[in-house]
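Chains as they are written, first to last, in the working numbering: chain A, 1458 to 1567; chain B, 175 to 290.
Some clues are possibly wrong.
What the hints assert, rightly or not - With a cut-off of at most 27 Å between alpha-carbon atoms, the simulated DSS-like pairs for lysine-lysine come out as follows:
1) Lys1460(A) <-> Lys231(B)
2) Lys1460(A) <-> Lys1526(A)
3) Lys1526(A) <-> Lys1554(A)
4) Lys244(B) <-> Lys231(B)
5) Lys231(B) <-> Lys1526(A)
6) Lys1554(A) <-> Lys1509(A)
7) Lys1509(A) <-> Lys1460(A)
8) Lys1526(A) <-> Lys1509(A)
9) Lys1526(A) <-> Lys244(B)
Just so you know, the hints here were simulated from the structure itself, not pulled from any lab data.
Each chain is listed here by its residues.
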Amino acid sequence: DAKTTQPPSMDCAEGRAANLPCNHSTISGNEYVYWYRQIHSQGPQYIIHGLKNNETNEMASLIITEDRKSSTLILPHATLRDTAVYYCIVRDRTASKLTFGTGTRLQVTL
Amino acid sequence: DAGITQSPRYKITETGRQVTLMCHQTWSHSYMFWYRQDLGHGLRLIYYSAAADITDKGEVPDGYVVSRSKTENFPLTLESATRSQTSVYFCASSELSGSSYNSPLHFGNGTRLTVT
C-alpha cells in the first residue's frame, strides 16, 4: 500500500471548519483513500473513503486532488467532540487489511 | 444493539499465563481482524480471518494464536503472556466480497491488557 504523510498535529476553533491534509504521492490507480479517527481510549472510527471523486457524508467531506496525490478531510463545523487522532490510509482495492500510520492529532478549542 | 463487542474491557495477568481476548460481531461480516496499539508503534495487525476456519498472519503474529470456528467470533489467545504483550487490543470486522474490498473496517472499543 502507498504511504501517507500527515502533519502530526493541528488546532481548530470550535465552529470553524477543520481541514486535515494528507499527502499520498505514490498512490496507484487501484488504491482508495480512507479516513479514520480515534478518540481517546476508543477504537478507530470510520469516517469516509473515496477513489477519485469528492465524497460527502453526514460526518465529513473528502476532497481528492485531480492527480490523486493528496487529499483533504473537511469537518465543516468542528466541535470539542471532534478532538481526536485522524488517520489517512491508502488501501489497495484488493487488500483486506488497513495499515495505519501515525495520523494527525486534531485539537478543537473554544 | 448490533455491533462488535470485545471482552474483557480490562485484564491484568501474570507473565507466563494463558489469556484469551474475546471478540464478537453481530453483522455476519466475513472478515475479522486483531490489532494491537502501543505508544510509538501505532496500530499493528496481529492476525486476520477471511471466513470461518480461514486465518492469516499480520505484521506481528508471534506469541498469539487465533481461531475462528464461527463467523461471529474471533478469539485471540496469548499462550504464555509476556510483558511486551502489554498493550491495547482492538478487534475489527468488515464485509468484503468479490474482487473489490471497498468496505470499511469497523472496530470494537478495545481490551486493555497488562502483563505483570
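For Lys1526(A) and Lys244(B), compute the direct alpha-carbon distance and say whether it is at most 27 Å. violated (41 Å)
Straight-line Cα separation of Lys1526(A) and Lys1509(A) no greater than 27 Å? holds (10 Å)
So if I understand the rule, the pair passes when the alpha-carbon distance is 27 Å or less; does Lys1526(A) with Lys1554(A) pass? The given pair, whose Cα atoms are some 21 Å apart, holds under the 27 Å limit.
Mind checking the alpha carbons of Lys1554(A) and Lys1509(A) for me, to see if they're no more than 27 Å apart? With a Cα-Cα distance of about 20 Å, the restraint between Lys1554(A) and Lys1509(A) holds, given a limit of 27 Å.
Given the hinted pair Lys1460(A) and Lys1526(A), is their alpha-carbon gap at most 27 Å? holds (11 Å)
With a cut-off of 27 Å on the C-alpha distance, tell me whether Lys1460(A) and Lys231(B) pass. holds (21 Å)
Starting from Lys244(B), check that the Cα of Lys231(B) is at most 27 Å away, please. holds (18 Å)
Is it true that the CA of Lys1509(A) sits at most 27 Å from the CA of Lys1460(A)? holds (17 Å)
If you draw a straight line from the CA of Lys231(B) to the CA of Lys1526(A), is it 27 Å or shorter? Since the Cα atoms of Lys231(B) and Lys1526(A) sit roughly 30 Å apart, the hinted pair is violated (cutoff 27 Å).
When the structure is compared with the earlier hints, violations turn up for hints 5 and 9 and for no others.
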